[in-house]
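Chemist: Sequence:
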Amino acid sequence: MGLPEQVEKLELPAMPASDFWTETQWTVLFSLLEAVLPSISRPATSSDDTNHVRVSEAEYAQALQLIQNTMKNPPSEEKFQEYLAHCPSKEPKFVESVKRTLAALPGAAQRTLGGAMGTLATRTGTLFLTGYWTPVHLQPVSVREKMLQGWQTSRVPTIRVLSKSLSLLAQKCAVQTSPLFRELTDYTDMPDFQTHGEGFDFKFMQFESSGSPAVVETDVVIVGSGCGGAVAAKVLAEAGHKVLVVDKSYYFPPSQLPMSQDAGCQYLYENGGFITSDDNCLNMVAGSCWGGGGTVNWSVSLQTQGFVRKEWSEQRGLPFFTSPQFQNSLDKVCDFMGVSADKVRHNHRNKVLLDGSRKLGWHAATAPQNTGGTEHYCGQCHLGCGSTEKQGPTVSWLPAAAGSGAKFIEGFEVEKVTFDESTGSKRATGVVGKWVSRDANGKVSTPVEERTTRQVVVKAKKVIVSSGSVSTPLVLLRSGLTNRHIGNNLYVHPCNFVGGYWKEDAKPWEGGIITSYCTTFEDLDKAGHGVKLEPTCMIPYAILTGMPWQNGLAAKLAQLRFRHFGAFISLTRDRDTGRVYPDPITGRPRVDYVVSDFDRANTLEGVIALAKICYVEGASEIHASLPGLKPFVKEDHAEPPEKSMADLSSSQHENGLDHDGTLDGVNDPAFNAWLAEVRKVGNAPPVAIFSSAHQMGTCRMAPNEDEGVVGPKGHVWGTENLFVADASVFPSASGVNPMITNMAIADWIAGAVSKEMKTEA
1 MGLPEQVEKL ELPAMPASDF WTETQWTVLF SLLEAVLPSI SRPATSSDDT NHVRVSEAEY
61 AQALQLIQNT MKNPPSEEKF QEYLAHCPSK EPKFVESVKR TLAALPGAAQ RTLGGAMGTL
121 ATRTGTLFLT GYWTPVHLQP VSVREKMLQG WQTSRVPTIR VLSKSLSLLA QKCAVQTSPL
181 FRELTDYTDM PDFQTHGEGF DFKFMQFESS GSPAVVETDV VIVGSGCGGA VAAKVLAEAG
241 HKVLVVDKSY YFPPSQLPMS QDAGCQYLYE NGGFITSDDN CLNMVAGSCW GGGGTVNWSV
301 SLQTQGFVRK EWSEQRGLPF FTSPQFQNSL DKVCDFMGVS ADKVRHNHRN KVLLDGSRKL
361 GWHAATAPQN TGGTEHYCGQ CHLGCGSTEK QGPTVSWLPA AAGSGAKFIE GFEVEKVTFD
421 ESTGSKRATG VVGKWVSRDA NGKVSTPVEE RTTRQVVVKA KKVIVSSGSV STPLVLLRSG
481 LTNRHIGNNL YVHPCNFVGG YWKEDAKPWE GGIITSYCTT FEDLDKAGHG VKLEPTCMIP
541 YAILTGMPWQ NGLAAKLAQL RFRHFGAFIS LTRDRDTGRV YPDPITGRPR VDYVVSDFDR
601 ANTLEGVIAL AKICYVEGAS EIHASLPGLK PFVKEDHAEP PEKSMADLSS SQHENGLDHD
661 GTLDGVNDPA FNAWLAEVRK VGNAPPVAIF SSAHQMGTCR MAPNEDEGVV GPKGHVWGTE
721 NLFVADASVF PSASGVNPMI TNMAIADWIA GAVSKEMKTE A
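Numbering follows the UniProt record's numbering, in which position 71 of the sequence shown is assigned residue number 71; successive positions increment by one, without gaps.
Keep in mind the hints are simulated off the structure, nothing from the lab. Careful, some of the hints might be misleading.
Below are the BS3-like pairs computed for lysine-lysine, each with C-alpha atoms no more than 25 Å apart in a straight line [stated by the list, open to error]:
1. 343 x 443
2. 507 x 332
3. 443 x 407
4. 242 x 416
5. 680 x 146
6. 755 x 242
7. 634 x 72
8. 459 x 416
9. 242 x 407
10. 242 x 434
11. 434 x 416
12. 99 x 407
13. 507 x 351
14. 332 x 242
15. 443 x 203
16. 426 x 755
17. 634 x 351
18. 443 x 93
19. 713 x 459
20. 459 x 758
21. 242 x 713
22. 507 x 79
23. 507 x 72
24. 310 x 526
25. 79 x 90
26. 146 x 9
27. 146 x 72
28. 90 x 9
29. 9 x 203
30. 459 x 203
31. 242 x 758
32. 310 x 332
33. 755 x 332
Here are the simulated distance ranges between beta carbons [what the hints assert, rightly or not]:
34. 115 x 315: 44 to 50 Å
35. 132 x 416: 48 to 54 Å
36. 446 x 325: 44 to 50 Å
37. 315 x 758: 29 to 35 Å
38. 79 x 416: 53 to 59 Å
39. 17 x 755: 46 to 52 Å
40. 307 x 504: 33 to 39 Å
Note that the Cβ used here is the ideal one computed from N, Cα and C, for glycine as well.
Using the sequences plus the hints, can you model the full thing?
Modeler: Laid out in structure tokens, this is it:
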């Protein structure tokens, strides 16, 4: 095997404007972010209490012992001191990352946070919010750190949310941009020994600059190139129809994948990486690139389960889902992508989930992957797959569509669907929107003002909107549709994280992301609602951001030991819903979703279960993404691995009893006391940290217009020639990673569109 190939480094887009805040507001913000990950010193090396948090010699010695005894390649003491002394918030790239992140927030959120920063710049405001008279940014960093700690236990939820938001922001931007973090953990964005596959040579349509619209005619225009749109394109093109696929985003070939963390957020995801719910409790990620979510998802290929199909058929009035036709579509899409579990090689945390579930008597299995029957030992698919082993839309479905004549436009954001209402009905005739070219060098980092733009009108016999559950309802709303279900009924599979530190060298960013899953808790209410237990993505910004902050030293030690960390999700099949709606000023998607008491109670059961798995699998520390909860730490957590294993071996009898005759394992009284604390702290919004990578249901399928947006074959109620084919049509949450369900439904809908067109010909 050779060394990993180099990835073409992408320039980031031009910095967005940051004048939505004053210089004073920015100064206050960065003074607080500095306190999250401050420069740390000890009395022997510094007497500066203003710019450093000074820890005692005993605290320093304990931290050094932990690092030396639990890391595979611990840094020298000199390097360790350099790491502690480093202040990420002073780095230009950190500052840039923070400003990019906040520029992507809705204006209302910017004003709220900015207002808090402005208040903290005054003596009166600081006194009210912190108990100190001196404004925050003029305080020593050690005092600022104490302020953040105090806010975590405030009786005012808004203040607790502010503390959480600041710690998330600081940790995200630090691990995204810090070269010292990469150096000391050995993390790389490029998988070891990966070779780039040969990407498909898409021939995107181009347009000259002009004041008049470009007009394109086709049989079917598909708005969106993700899992639904790509499948529909292949089906319809192979049926002999002229197909045009358009997408607001751009194609990135394998030579540019996986991207760096900061570039991936900008180019591969909606809204710069995250969409935050209005209550600041839920962070959603939604793919926004050529190939959509299928370009950045994690290969999991689970078919829709029987109890979900039964619900959709019997309770939602859609018998298709219990028909052989649906199963045929499921099998068809899986066969095309070579879905299989045969070649899977599990990494550390996937083995932990399988083995821990076995030890606890729970059911777990290997998750099939859409990797064409290859091993695909890659943990970076969240940033794009450079090997082309993952059979996502850009590797499989769209090239197949091109082979049957499909055409493509990238960089084309559809404003609305056009209609002919001259006959009294609302008949779709195409779409209209704005096209933005690449620059002369093929880059998309250049400001839009310096690239060719043009209005494009697409005339089509049929329109299929496949822009995903976040964007599809906004397209329909901009098109003048008024069905009350558009944008509502949002399901997100809300997740809490649980993570553990092991003394083994986990190297968590390597290997398949989710190759195992546990189903024991998927039906907690006996009505199909519960949780699946799965490993999760270990790209640093995606996981370290979600671990609750206690203080600067603890956060820095947690990041430094990243190589020994493994994290999991309690993925909830939510019963209760939220909505997607356009920002009233910018038109960008906003999310109103509050995790219900019912759903979060199920999520918490998964947190408890994952903690038990980590315990029986030997984790020395166990963390849960619940602010205010301290981690569970085993007594021997700082002992060298060889010593702790020897102690473990000598202390156990064959009957599983300790020397004093008490049962060990999850019966450990200290561990059970911590689990009781988990329940006490709980996961109530808005302070708890929830994440979502799955959005469903915002244009749900229903047997009539009173209950949904589209009919059983995907046609939009109240219109002609307009269809939706993506996860937004799910009648409720799928309960499994939604790709296969999405593709199967798109296959069915595209087949129905083709039949309709042939009938009309």
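Chemist: Could you tell me which of the numbered hints above are not met by this structure, giving the numbers in increasing order?
Modeler: Of the numbered hints given earlier, those the structure breaks are 1, 2, 12, 26 and 27, listed in rising order.
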